[in-house]
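Undergrad: Spelled out, the chains give:
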Amino acid sequence: MMKPYLFIISIFLFFNSSFAQDFTYGKISQEELTMKTYPKDTSAHAVVLQEFGKSRINVGSDDNIKLFYYYHVKVKIFDDKGFDNATVKVFLYNDNDNDRYEEITDIKGVTFFNDDNGLVQKIELEKKKIYPVKINKHWASYTFALPGLKKGCVIEYSYSIESPYFLSHFHDWDFQADIPKIYSEYEVHIPAFFSYKAALKGHLKLTRNKADVETKCFETHGASSDCSFIIYGMSDVPAFIEEDYMTSSKNFKSAISFECEEYQSPYDGVKRKLTKEWKDIDYQLKSDQEFGGQIKRKGLFKDRLSAILIGKSNETEMAMAVYEYIQKNMKWNEFWGIYSDDGIGKALDKKSGNVADINLALVAALSAAGLNSSAVLLSTRENGAINELYPGTGDFNYVVARVDIGDKFYLLDATDPLLPFGILPLKCLNDKGRVFSLDKPSYWMDLNLPQKEIATKIMDFTLMDNGKLKGTITNYYKGYEGYKQRVKIKKFNSTDEYVEDLVGKLPKIKILKSEIINLDSLNLPLGEKYEVEINLFDKNNSDRMSFNPFFMDKNETNPFKLTTRSFPVDWGMASDDRYILTMHLPEKYTIEKPPQAIGFALPNNGGKFLSAFENMDNTFTFSNIKQFTKSIYSSEEYPYLKEMYNKIIQTEKVEMVFKKK
Amino acid sequence: MRITNILITLLLFYSATMGQQYNTNLIPRDLLAHASAVVRNEETEVIVEDLDNTQVHFKTAITVLNKNGDDFVHIKLEHDKSTIIKYIKGVIYNEYGMQTGKFSEGDFEDASAWDGFSLFTDARIKHYLPAVTAYPYTIAYDYVLKLKQTLDLPTWKPVADFGISVEKSSYLFTCKPDFIIKYRETKLPNKVIIGKDKNGNSTYFWSALNLKAVKEEAYSPYITSIFGTVSIVPERFSYYGIEGTTKNWEQFGKWQFDKLVSDRQQLSAETIQKIKDLTKNIPDSKLKAKKIYEYMQSKTHYISVQVGIGGLQPFLASDVDRQNYGDCKALVNYTQALLKAVDIDSYYCVVKSGSDYKIGMPENFPRAFGDHIILCIPFKNDTTWADCTSQTIPFGYLGDFTDDRNVLACTPEGGKILHTPKYKTEDNIEDRKAAFEINSAGVISGTMITNFKGADYTDREYLFNEPQKEQYKMVQKTYPINNMEIDKLDLKQDKGFDPITTETIKLHAADYASFEDGKIYFMLNPANRNKHVPKNEINRVNDVYINRGYTEQDEVVFTLPPNYRYEKKPLEIIIEKPFGKFSATMELIGNDLKYTRRLQLFDGTYSKDTYSDLVDFFSTITDADDYTVSLVKK
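Residue numbers (this note's numbering), protein chains in the order written: chain C, 15 to 675; chain S, 3 to 636.
Worth flagging that the hints you see were computed from the coordinates, not collected in a lab. None of these values were measured; they are calculated from a predicted model. The beta-carbon is built from N, C-alpha and C at its ideal position, and this holds for glycine as well. Please note that the accuracy of each hint is not assured.
To be verified - When the alpha-carbon atoms are kept at most 20 Å apart in a straight line, the in silico SDA-like pairs for lysine to any residue are as follows:
1) K475/S <-> S649/C
2) K143/C <-> K475/S
3) K301/S <-> T577/C
4) K656/C <-> F614/C
5) K673/C <-> T577/C
6) K661/C <-> T577/C
7) K596/S <-> T561/S
8) K142/C <-> I311/S
What the hints assert, rightly or not - Chain S is faced by these chain C residues, among others (derived, beta-carbon under 10 Å):
9) H59
10) S182
11) K575
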């Protein structure tokens, strides 16, 4: 059937197809120029009047199949805070080390405005003011600034990108941005040789969605096919406004993304499934040299592991030793990704690698130690949520190791030398992960993990007759809180320097003795113990002395300011904070006004704040529990969160007053 | 056979001992304090072969003690068409000084030296961070650069930054005997040794031994008073092929004007006419200039593009006229051209910018110094300054970025050192007056008016032109009033020669006051609470430096539910120190509680013993600002 090298057809024939939905470049209306605000959002500094994009898979002049992407936009700029929209940075990707960046061509830009006489003027973007930059081995960019901006102007620009990465990086399309859009449309032309699936994100609906067939639109080496031609359009897209404490705005912004499911090679007619079902993906990952091929390399560890496994009596101890070995022997080079860059062998020799180099090495090493290990593919918080509807690897940008011991499992990331065993960095706590191993089918696991931030602060003070408080402060940090505190301490060259800094920050407190416990034993709770002396003596009034038990760290303003909220509050993990003060008073002193007992609970068992006071003879205890049991709170729960913080602040504000009986 | 064996043994021995000099044990103990890395031995050799040919040979060995020190061995070499990297190679040693790896130019990644804000910069950077996971370790490397210029010669700074100490470091500068240089030293233990090498060339040699790591201290003077440095400037130089002299500021300023600026100010006849028309009804030349400046502001916006002659030459004025954008150089150059259209002379002024320190052009030491260009218009007895990169600041307003320092005015007659105006303690005012009512439910409501003047004029700049909803959100974050709801926000700017920003907020907040056992409790200072107390330093090394003075005035009247009286002595705090004054008082008159707070800080340099006073000062303020009023029902 195939007749290779029969003829090569010109690709340009189809570019002027009658389907073209692009708006005319360089045409401007008086309404567009005189428009003063955008009526649907009068606060907008700029609005996209029209935006059009097109992706077409076709044959390039070098005879290779490529993705031809075209982008064209027209933006109204109302004031100088909208000028940023006229500075454009187009990123070009390079999948490998051979300098094959995507190629950009035909960059055009123009600015329209009305001059003082009300006549339409335009200024074209000059070619020499378009700046190419090679950023690093994976990315290059072209930047330009549209010329002649002034309030009320309209800018327009377009460019085309030729990409060899049409299978792995089909251009996605963002309908929603931080400025509103009147109309945004994306058109894709995909030859029947290729089959892509599209996923629409965000809560906005398409206002136009049309699918058609273009006949005989693709031809290479004698093979030809029809194309599916689909239009996705959205009108009146509101600006996206971010809120504090949310995950990636990508999860909420309206956008459409594509992933190649399968294709039939036009050259040999062989069908290749890329994504269709998880079992296909499993197979593909397993055979991929940069993924499964690396996990298989258990042999690399035979010699390396023998020494560190000596004396390890159970699987947990073995797993901990292997984890620590990789953690201590490989340095993260700050590159992300789910595929090994150098191969774990080279990475081990260089002692450095990307996320996959390190964590796939960990998976292989665990397995070499005879443990049941697997790789967990995930998408970091910044990268956005996973689309579970269609199987695919396109959403993943990070990989960690999982080890199953008995009925327990642990997730491990060896890129950070301070992470305890079984604790993931916050950036990884996002949605779901796909667990992949060489011998079993892959499956989803929830990344809403049991890991927590746990802090316990215990103070035991005695008020002396001379108006001084003497006693101990003992803080314990467990789980992720232990990690965070270690990062803080390790910023200093020694614990002495850390304590010296602390002394400086607490000028009213004398630290007589200090001890940091388990700083380097990452799997044990981190402890800080201080023997302190605090001068409470009040110059103005020697009969009354006041003391705020939250002097170490106090919540003073509510982190939540808005009355209502549109997006969930996402902290990534639960937290548990306990504070216990035991105070011994001398005979002649008493507490003037004991703090009020407070109990406040969040709905749906979401957490609580409890404050209690107990008095026995001359000793009292004052305790507080702050608990957030969930990692994510819905916008309906938001007002309760806010109120709970109000209660916390009120409690922490209270000064205890001790007076002579 | 035997001979080769011996040879191999010798070689092994040789290479082993080679590195053992970097055994971490050999570092003197006092160099470890506050250090995350130690320079073991560093040699910089600079040889000026010719005006457009300088060789730099840099050799160093740095021991990294812990993870915080990794950054000191992240090798970064900037290069462009006038800086060429000839070679670079290095060796990695472990704790005991045994070699564990090596690297060369092929391991380096070449990346854009993007500064984070420019649209484009043509400089590139080659960088490499050796991956070593076991601490301590030592990196020894050397490289050779060829500089095709002699204006910007490497300076010597043996202690490169906070947190690194130095065992040994030296700098050797070699040039032909007829090549005249000037050098300037700061804070160096040893003076220069001047001599001749065997070829009769002049040599200048500096060296230092055992320099301890420096800890960063708050309120410290500028880094040149903390770290030792040597800067070298040749009397004659070539820069990107353009020759010039740094004999004095006059000639160096003239070089900049003639070679970089003078031929870049032509405008079209049409634009010139436009400017003439725009100002024809304004007789006063200062008001004319103001009009032109405002025209420039409304027409252009700031975009940084750093290309060409070390990024020193401005875009053509006609380019800016057409493109409507430029960086500081381009916009000043353009504004100058516009002013010239109506015969107003102005100066293109090079300044070292920055709000944290006021660093002027070094006296009698002309060199390429400074990083920003501003405009000076020498009206008779009324020298006026302008920064052309903002679309919003008033004409004649410099702000804290370039005030009170020596700048180089590049004029056709030559360079002149001028001094920019100073914003003094009494000029920089944040003045707040508020009248609030507290009702029996603890809700506070009322209006608060704040005026910002002097360097503080721009404090609310970020709010202007934002949609109301965003403004409300930002204001809520600015003030520490919990549950604050804004009923109305009004912002005004008087853009005269003495500009003022006025913010008027009508607000209410629930739970501001609480009631218990016939008492009322609330925070006395609702809006302006100091939160930051500088860290106590036990062994303070540096003098106390306060870069800028300011004045804060708050007057708040709370109208309370009736019949409350003092429970304890009302707050009254008055402190006066050489560097500042603070007072906070309250007074209950009928149902009105009046709170008055005044804080003044005076700029200047004070002895290091003053530091603990400064800590006490801010600590007292913080306590006073946290004061909770408690009144009891009559």
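Undergrad: Honestly, which of those hints from before does the structure not fit?
TA: Violated: hints 2, 3, 5 and 10.
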